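Residue numbers (this note's numbering), protein chains in the order written: chain C, 1 to 162; chain F, 1 to 162.
Hints in this document: simulated from the structure, not taken from any laboratory. Among the clues, some could well be false.
If chains are identical, the list can't say which one is meant, so a pair holds when it fits in one copy or spans any two.
What the hints assert, rightly or not - The list that follows gives simulated cross-link-like pairs (lysine to aspartate or glutamate, EDC-like), each with its CA atoms no further than 16 Å apart: (1) Lys78 - Asp37; (2) Lys88 - Glu24; (3) Lys78 - Glu36; (4) Lys133 - Asp14.
Fair warning: this is a prediction, and the values are worked out from it, not measured in the lab.
One letter stands for each residue in the lines below.
2 protein chains.
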Amino acid sequence: MADIEPATVADVPDILSFIRALAEYEHLAEHVVATEDALRASLFGPQPAAEVVFVREGDERVGFALFFETYSTFLGRKGLYLEDLFVKPEYRGRGHGRALLVHLSQEAVARGCGRFEWAALEWNTPAIGFYEKLGAVRLTEWRTFRLAGESLEALARLPQRG
Amino acid sequence: MADIEPATVADVPDILSFIRALAEYEHLAEHVVATEDALRASLFGPQPAAEVVFVREGDERVGFALFFETYSTFLGRKGLYLEDLFVKPEYRGRGHGRALLVHLSQEAVARGCGRFEWAALEWNTPAIGFYEKLGAVRLTEWRTFRLAGESLEALARLPQRG
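Working from the sequences, and respecting the hints, build out all of it.
Structure (C-alpha cells):
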C-alpha cells in the first residue's frame with residue numbers, strides 16, 4: 001500500500017507541525033526551537049541529517065516518523081534510529097503507528113542495518129506496551145547522558161589537557 | 001596538542017582490538033560479532049557510517065572514541081553521538097578520557113551540533129561520576145527500545161497493514 005510516503009522540501013511546514021504536536025504530547029513543547037528554515041537546511045540541504053516519512057489515511061497526513069542511520073561497533077554495522085514517531089490522537093488505534101514501524105523495520109533490513117532503536121518516556125505506558133508487543137526489547141541497564149547549550153560550549157572551551 | 005588523531009583504514013585492527021577491550025570491560029564480549037572486514041567496509045568505504053579517533057600517550061595509542069552524527073527535531077539541528085569511549089585500564093586517571101570528550105565537544109560545536117550524547121551502563125559509577133563532573137545531564141526519564149536480529153527481521157516480514 002502506498003500510504004507511507006517520503007517527505008520533500010515542500011513538506012517542511014507539515015514536519016514542523018508534527019514535531020510541535022509530538023512535543024506537546026510529551027509535555028516538552030517549551031524545548032522546541034526548530035524553525036522551518038532550520039529544518040529546510042538540515043533535512044533537505046546537500047547533506048541531509050535525517051529522513052522523514054508521513055503516513056496517510058485517505059488524503060490526510062495523520063502521522064510522521066523522522067529517522068537517521070547510526071552505528072554499532074559490536075555488530076560492525078549500521079543501525080537505524082527513530083527520533084520521532086507521532087500519530088494524531090484522533091487517528092490512533094487504526095494501525096498507523098504500527099505501519100510506520102513495520103515500514104522502518106523493512107528500511108532497516110533493506111539497508112543492512114543490524115539494529116532499529118528508539119526512546120520512549122517512561123511514563124508513556126501505552127507506547128511502551130505497544131513497542132514490546134512488536135518485539136522490541138527495553139534496554140533497562142543503559143542511561144543516556146547529554147551535553148547541550150551552555151554546558152556543551154563550556155566543555156568545548158576547555159583545553160584538551162588542563 | 002596533537003595527541004588525538006583520526007583513524008585511517010590501516011587502523012582497522014587497532015579499532016577492533018579497542019572495541020573488544022571495551023566489550024570485555026562492559027561484560028558484553030559475547031555480543032561482539034564485528035570483524036575487520038565489516039569495520040573496513042562500514043567505516044572506510046564510500047559512505048562512512050561513523051568516525052574514529054585515537055588518543056596517544058607518547059607513541060602508544062591508549063584509547064579511542066567512535067562517534068556519528070544524529071539529529072534533534074526539537075532543535076532542528078544535528079547532534080553528535082559517542083557510541084564508544086575507551087581508555088586502556090593501565091592508562092586511566094591521566095586525562096585521556098577527558099581529552100577525548102573535550103575534543104568531541106569541540107567537534108560538535110565546530111559542526112554546528114546542538115547536542116553531544118552518549119550512554120553508560122548504570123553500574124558504571126566511576127564513568128557516570130566523571131560524566132556528571134564534566135557537566136553532562138543524565139536523562140532519567142527516557143528508556144531505549146531495540147529491535148535486532150530475528151525480532152527485527154520478524155517485524156520487517158509483516159505486511160504494513162495486517
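So, going through the hints one by one against the coordinates:
1. Lys78 - Asp37: between (29 Å within a copy, 14 Å between copies)
2. Lys88 - Glu24: Only inside one copy: Lys88 and Glu24 sit 11 Å apart there, 44 Å across copies, limit 16 Å.
3. Lys78 - Glu36: between (29 Å within a copy, 15 Å between copies)
4. Lys133 - Asp14: Neither way: Lys133 and Asp14 sit 29 Å apart in one copy and 40 Å across, limit 16 Å.
Hint 4 from the earlier list is the only one contradicted by this structure; the remaining hints agree with it.
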